[in-house]
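Colleague: Sequential numbering of the sequence shown, starting at 178, is according to this note's numbering.
Fair warning: there could be bad hints in the mix.
Lysine-lysine pairs mimicking DSSO-like chemistry, simulated, CA-CA at most 30 Å apart [claimed, not checked]:
#1 K302 to K227
#2 K302 to K253
#3 K210 to K302
#4 K304 to K225
#5 K210 to K304
#6 K227 to K210
#7 K227 to K253
#8 K253 to K304
#9 K225 to K210
#10 K253 to K210
#11 K304 to K227
#12 K253 to K225
#13 K225 to K302
Cβ-Cβ distance ranges computed for the label pairs, FRET-style [stated by the list, open to error]:
#14 G238 to P296: 21 to 29 Å
#15 A276 to D239: 27 to 35 Å
#16 L265 to N288: 35 to 43 Å
#17 L265 to G204: 16 to 24 Å
#18 R274 to A191: 31 to 39 Å
#19 T214 to R274: 29 to 37 Å
#20 K302 to G209: 20 to 28 Å
#21 R198 to K302: 28 to 36 Å
#22 A259 to N288: 31 to 39 Å
These are computed hints drawn from the structure, not numbers from a lab.
Quick caveat: nothing in here was measured; it's all calculated off a predicted structure.
Note that beta-carbon positions come from the ideal geometry of N, C-alpha and C, so glycine has one too.
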Amino acid sequence: MIVPPEARRAQGDAAEERACRHLEGAGFTIAGKNYRTRGGEIDIVARKGKLLVFVEVRSRGDADFGTPEETVTHSKRRRIIAAARRYLATVSPSSWREARFDVIAIEGVGNAAVLRHYPAAFDAKGKIL
Numbered sequence: 178m179i180v181p182p183e184a185r186r187a188q189g190d191a192a193e194e195r196a197c198r199h200l201e202g203a204g205f206t207i208a209g210k211n212y213r214t215r216g217g218e219i220d221i222v223a224r225k226g227k228l229l230v231f232v233e234v235r236s237r238g239d240a241d242f243g244t245p246e247e248t249v250t251h252s253k254r255r256r257i258i259a260a261a262r263r264y265l266a267t268v269s270p271s272s273w274r275e276a277r278f279d280v281i282a283i284e285g286v287g288n289a290a291v292l293r294h295y296p297a298a299f300d301a302k303g304k305i306l
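Given the sequences, and given the hints that come with them, work out the whole structure.
Modeller: Given below as structure tokens:
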């Protein structure tokens with residue numbers, strides 16, 4: 178079934194909002210959303226103390242064609258890393274000590290949707306940890 182772009186964007190927005198609530202519940206502050214650069218985008222930038230977390234949010238209605246986390250390809254990870262480097266160039270080095278890359282996968286719809294959070298899902302070279 179082909180999903181219209183507007184519906185896909187609405188699903189993505191809802192997934193990002195749910196991911197933000199999850200992160201806030203875990204003690205993070207949301208420092209930014211949808212940070213775009215020429216080479217890539219970061220869905221959520223979260224902060225906890227001196228830790229900066231760059232979060233990729235992926236969602237799927239079901240796993241018929243694979244899980245949401247499986248869609249974070251090496252190419253996608255490289256684009257996220259490039260955007261994170263640009264973001265880090267805009268903030269004071271004294272405002273953070275450590276950075277990491279997380280993936281939040283949301284599978285299903287509505288109240289039945291399951292959220293899976295993968296802290297430090299990959300490193301700054303794009304290698305899955």
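Colleague: If a hint holds in the structure, say so; if it doesn't, say that too.
Modeller: Hints and how they fare:
The hinted pair formed by K302 and K227 meets the criterion: a straight-line CA distance of about 21 Å does not exceed 30 Å. Annotation: proposed proximity of K302 to K253 holds, straight-line Cα distance about 12 Å (limit 30 Å). Under the criterion of a C-alpha separation no larger than 30 Å, the hint pairing K210 with K302 is consistent with the structure, at around 23 Å. Taking the CA atoms of K304 and K225, the gap is near 23 Å; set against the 30 Å cutoff, the hint holds.
For the suggested pair K210 and K304, the alpha carbons sit about 24 Å apart, so the restraint of at most 30 Å is met. This hinted pair checks out: K227 and K210 have alpha carbons roughly 18 Å apart, not beyond 30 Å. About 26 Å separates the Cα atoms of K227 and K253, which keeps this hinted pair within 30 Å; it holds. For the proposed pair K253 and K304, the alpha carbon gap of about 12 Å is at most 30 Å, so the pair holds.
As the CA atoms of K225 and K210 are separated by approximately 15 Å, the hinted pair is consistent with the 30 Å bound. A threshold of 30 Å between alpha carbons decides the hint, and for K253 with K210 the separation of about 17 Å falls inside it, so the pair holds. For the given pair, K304 sits about 23 Å from K227 by alpha-carbon distance, which is consistent with the 30 Å threshold. Simply put, K253 and K225 have alpha-carbon atoms about 25 Å apart, close enough for the 30 Å limit, and the pair holds.
Our distance criterion of 30 Å between C-alpha atoms is met by K225 and K302, whose separation comes to about 23 Å. Separated by about 25 Å at the C-beta atoms, G238 and P296 satisfy the suggested range of 21 to 29 Å. Between A276 and D239, the C-beta spacing of about 33 Å keeps the proposed range 27 to 35 Å intact. Separation of L265 from N288 is about 37 Å and conforms to the stated range, judged on CB atoms against 35 to 43 Å.
At roughly 22 Å, the beta-carbon separation of L265 and G204 lies within the given 16 to 24 Å, and the hint holds. The given range of 31 to 39 Å is respected by R274 and A191, whose C-beta atoms sit roughly 33 Å from each other. A beta carbon spacing of about 23 Å between T214 and R274 contradicts the range 29 to 37 Å that was offered as a hint. About 23 Å separates the C-beta atoms of K302 and G209, a value consistent with the hinted range of 20 to 28 Å.
The given range of 28 to 36 Å is respected by R198 and K302, whose C-beta atoms sit roughly 31 Å from each other. A hinted range of 31 to 39 Å holds for the C-beta pair A259 and N288, which are about 36 Å apart.
Of the numbered hints stated above, the single one contradicted by the structure is hint 19.
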